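Enquirer: Chains as they are written, first to last, in numbering that gives the first Met the number 0: chain S, 0 to 499; chain G, 0 to 85.
Simulated from the structure, these hints should not be mistaken for laboratory data.
Keep in mind that a hint or two might mislead.
[Unchecked claim] No farther apart than 25 Å at their CA atoms in a straight line, the calculated lysine-lysine pairs in the BS3-like style are these: (1) S:K443 x S:K114; (2) G:K82 x S:K473; (3) G:K10 x S:K460; (4) S:K455 x S:K443; (5) G:K70 x S:K455.
Here the structure is a predicted model, which is why all the values come from computation and not from measurement.
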Amino acid sequence: MNEKFKQYTDEETFSKIVAFPCIAAMWEDRVKTYGDNVAIVDGEVYTYARLNEDVAAFRTVLSENGATPGSLIGILCPNSYGFVKAYLAAVTFGVPAVLMPTHLDEMTVFGIASKFGMKAVVYDESLEAKVAVLREKNPGVALIPSAATADAAMPSISVPAETPAAILFTGGTTGKSKGAKLSHKAILAGTMNGCYGIREIFCQRYLLVLPLTHVFGLIRNLMTSLYTGSAMYICRNNKDMFRDVAVFKPTIMVLVPALAEMALNLSRQFGRNMWGPDLKTIICGAAPVAPYLVKEYDKIGVTLLPGYGLTESANLVSGNPEALAKPESVGLIYDGMAYKIVDGELWLKGINMMDGYVTPEDNALAYEDGYFKTGDLVRIDEEGFLYITGRLKEIIVLSSGENVSPAELEVKFCGIDVISDCLVYDEDGKRLVLEILPRMTRVKELGIEDLYSYVKGEVDKINSTLPPFEQITKIIIRDTDFVRTPAMKIARNLNGNVKK
Amino acid sequence: MAMSRNEITQKLVDVMALTMPENAIDLNNLREDMSLVGDLGLSSVGVLYNVIAIEEFFNIRFDDVGFADLKTVGEVINYIEQKVNV
Numbered sequence: 000m001n002e003k004f005k006q007y008t009d010e011e012t013f014s015k016i017v018a019f020p021c022i023a024a025m026w027e028d029r030v031k032t033y034g035d036n037v038a039i040v041d042g043e044v045y046t047y048a049r050l051n052e053d054v055a056a057f058r059t060v061l062s063e064n065g066a067t068p069g070s071l072i073g074i075l076c077p078n079s080y081g082f083v084k085a086y087l088a089a090v091t092f093g094v095p096a097v098l099m100p101t102h103l104d105e106m107t108v109f110g111i112a113s114k115f116g117m118k119a120v121v122y123d124e125s126l127e128a129k130v131a132v133l134r135e136k137n138p139g140v141a142l143i144p145s146a147a148t149a150d151a152a153m154p155s156i157s158v159p160a161e162t163p164a165a166i167l168f169t170g171g172t173t174g175k176s177k178g179a180k181l182s183h184k185a186i187l188a189g190t191m192n193g194c195y196g197i198r199e200i201f202c203q204r205y206l207l208v209l210p211l212t213h214v215f216g217l218i219r220n221l222m223t224s225l226y227t228g229s230a231m232y233i234c235r236n237n238k239d240m241f242r243d244v245a246v247f248k249p250t251i252m253v254l255v256p257a258l259a260e261m262a263l264n265l266s267r268q269f270g271r272n273m274w275g276p277d278l279k280t281i282i283c284g285a286a287p288v289a290p291y292l293v294k295e296y297d298k299i300g301v302t303l304l305p306g307y308g309l310t311e312s313a314n315l316v317s318g319n320p321e322a323l324a325k326p327e328s329v330g331l332i333y334d335g336m337a338y339k340i341v342d343g344e345l346w347l348k349g350i351n352m353m354d355g356y357v358t359p360e361d362n363a364l365a366y367e368d369g370y371f372k373t374g375d376l377v378r379i380d381e382e383g384f385l386y387i388t389g390r391l392k393e394i395i396v397l398s399s400g401e402n403v404s405p406a407e408l409e410v411k412f413c414g415i416d417v418i419s420d421c422l423v424y425d426e427d428g429k430r431l432v433l434e435i436l437p438r439m440t441r442v443k444e445l446g447i448e449d450l451y452s453y454v455k456g457e458v459d460k461i462n463s464t465l466p467p468f469e470q471i472t473k474i475i476i477r478d479t480d481f482v483r484t485p486a487m488k489i490a491r492n493l494n495g496n497v498k499k
Numbered sequence: 000m001a002m003s004r005n006e007i008t009q010k011l012v013d014v015m016a017l018t019m020p021e022n023a024i025d026l027n028n029l030r031e032d033m034s035l036v037g038d039l040g041l042s043s044v045g046v047l048y049n050v051i052a053i054e055e056f057f058n059i060r061f062d063d064v065g066f067a068d069l070k071t072v073g074e075v076i077n078y079i080e081q082k083v084n085v
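So here's chain G without its partners, still in its complex pose (with noise of 0.2 Å):
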């Protein structure tokens, strides 16, 4: 089914919010420049918890040079983008 970028985006910080729940950011002013590790604070397992869940949620399958080349909150959602609206 497709979905718009600000229904991903929705979607991502619904995701966001289970994975990382002590995160310091408002996930509510998520911003598409944010990266993952300097301003989300995602450690190498919060990045592979959010690549599951998001897998789950979003019912994609990440390829194997997924998400470790996605440095930034707006690449992950071209990504799902991209996924989601094959």
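Chain S with its partners taken away, still in its complex shape (with noise of 0.2 Å):
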């Protein structure tokens, strides 16, 4: 498997990455290898074999709290020892996990719970707010504190690869977004897949700074350090990611082009490397990667490898080990899955792919031929490198890796008694803006005199809200109508940014 990317690894390293037939048996597997290894760091060091110690603990309270192998359980926690535990427990329990974002308010954790039939949410203390709603309203979910242990240790049951591992939320990680089934098989394939193109991998130091709730910090991050016997480091709050990184000394970082470039400008600005002198290898991903990045790390000694994964293909699709030379490309597709283009949009069908939706009805759109239509404009070139042009799919993907659903925020918008119609984007990929037809007769019904400040209050209501990565930021009032596809709608690739 993915033998094209032999030529980047060490040979050694190659051949030790093998697959597995369920997570159970890799961990097994990881915990014989590297026991002595560190393998999470969070207040307290925690080897590979004390954190199986305490996962085999867990997997017993999870029985106790009625959690069987294909039951379905939460999981409501911030970044931590606890999160990274129960994770463990549930997969190699055979129980699927939900992973659940921490901003949910307490009626969508209720909601979500309930409606995926959960038996259990493991919840940290920070966050009992959370579950108060559904402790109250839904009794038969058993809550547990991912503080909770055992005295006995109950043993891992492997499973067949197709079995479902974990659920993740795509998009807009609010209630409304699709939940994508991820089986062993595909959290398997996309966790080797996060192994290529790097020349040591193996026993490498990460800093986590990206939530675990999102592919991304799930599995290339998480599921990668693991694979590998390397140590995380779980950075608790990304504002002293820089003093962690002082006392960890990471060689490897998981980042969103923003917090890249962040680190470099900041760089700069104090003159020294806010990295440290370890770090040599970026992998970036989740948002479009400036190609400047690239160059300008290179020559602070870091190699920044961009790529390219969707919550729906367990993360990795394509990893660019060229990146000096081909700095505008998302790289090679790892081996394991079929593609093809059809009118520009990649198409995608794989050992790491998801198995559907939740909601069966969100499936029908996503998937055509057998392919999952993946919504990015693409093309490929002589030596099958990706680069993705474009997105079909209404989705803003900001700079900081977060997706905003623009319809689901220009319903809300369109609820503003002057507003006949509107449009939200993204400029630069760093904020929203929010275009708006008014609706004049109400506007001289109201003797509104100043539109743009009565709008402006009304949006602030709006935002007031929404968490800050889907506030607008900017109101532009239009004194012509869009322009509209032939159904009248707003024409989305012809208005907002296009245009400028």
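Using the hints, put the two chains back together into the complex; each one sits in its own frame.
Expert: Spelled out as structure tokens, the structure:
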């Protein structure tokens, strides 16, 4: 598998990248091989052997709370040792884990847990308030503090490769976004893909700054770290990440482009390499990677490797081992996937693809001819390198890696009485713009003289209900209609930032 | 070293000029009632960038429940004022 990446990796290292039938089998092997290695640092230092003991005890906790192989649990924890322990306990017990972003509100937590039929939710005690509604309205769902433990150890269970292991939320990370079902086979394929294209990948030091509820954090960071016998230091608050760098001295970082760029700017402003002298590699993705980042990092001796992946593909679809030569490319497509390009759009199927979304109606539009339609417009050069040229899907990917569904936001803003129609789009991937067509009859009825101030006041009210990355930061009031499709819908590709 | 509110504001403008060079807002016209997200257009990473830069330039440490709870420029200045003038 993935022989095309062999030239970029040390030979012995390449031979160590081997497949396992399920996550439990991988985990048992890694504990045997790397038992004394540091696995996780989160306040305390946990070796692979110690983590394994805690995971075995937590399988007992899950069982005592009614979870059985095949039942579903939720994990509502910030990046923490408790998250890692609960996730590993679930997947090595044949229990799929729904990874719930911590910014979900208590009604959404209740809604998801109830809708998905979860047996239990493992929660961090700092998020006690988020499970309050669930506790009150659905006592059938057991609530387990992530710090819970048991005296007895429960052995792990091997499951068929196709068994679901985790459900991750795509897109807007709200209750309305889609839950993608990822099997053991898909997650392990994604985990192995993360090992290719780097000369030294085993026994590294990672500093985790991306959320573990995001596929890039879970698979490319946590899973690949565990697969390779590496140590992962959990940064509890990203504002402290450079203090953590000084203590832990990471050798690899998994970053979104906005964080890579921020560190580069801070390095210039403070006159020192913020990542420290030991960092050799940055894996960069979840949003378009500007080629200049590759070149600028090379100047300070750090190899920045762009990649491309989706939640639906258990993260990694392609990785670029030739980043300096082809900095615009997201790399070579990993083996185990079949692809075709239809009207410029990338369609995928293969071992690392999800087994569909949780809600059946979401699947109807997602697939065609057995392929998952990525919504990304691509081209492939003569050497097989993939380039993303645009997006078909109405999802805005900010440079921070956060995804925004403009349609969901537009519904909210169209509720403002003086807005006849509106469009949400991004400016340089950094901030959201709301462009509106005013309903002038209503403006006159209300006797509004300063329309901008009125709209801004109403938008601010809605903003206050949204997470910061979904908030509107610029308002444009049109005096002519939007360009529209024959069906009179706003032509998203002919309005907004396209015309600038 | 104690700092006056004016000194803090001026230094904050200097920090923001570094962290948001492409910002559409004229930082010389920064007002205390401006919101960080709505008016200054700070993204989540932009907020983080400012926190790290403010900590470095003012030699202070935000508490864990620090910057995320601050909504306006005035609240940021209040917070810095309280930290630097302990």
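Enquirer: Compare the distance between the alpha carbons of K70 (chain G) and K455 (chain S) with 25 Å, and conclude whether the hinted pair is satisfied.
Expert: 16 Å, holds
Enquirer: Within 25 Å, alpha carbon to alpha carbon, are K82 (chain G) and K473 (chain S)?
Expert: 32 Å, violated
Enquirer: Measure nothing beyond the straight line between the CA atoms of K443 (chain S) and K114 (chain S); if it is 25 Å or shorter, mark the hint as holding.
Expert: Distance of about 45 Å is beyond 25 Å: violated.
Enquirer: Can the restraint linking K10 (chain G) and K460 (chain S) be considered satisfied, given a maximum Cα separation of 25 Å?
Expert: Since the Cα atoms of K10 (chain G) and K460 (chain S) sit roughly 31 Å apart, the hinted pair is violated (cutoff 25 Å).
Enquirer: Below or equal to 25 Å on CA atoms is what counts here, so check K455 (chain S) against K443 (chain S).
Expert: Holds: K455 (chain S) and K443 (chain S) sit about 17 Å apart, inside 25 Å.
Consistency with the previously given hints fails for numbers 1, 2 and 3, ordered from lowest to highest.
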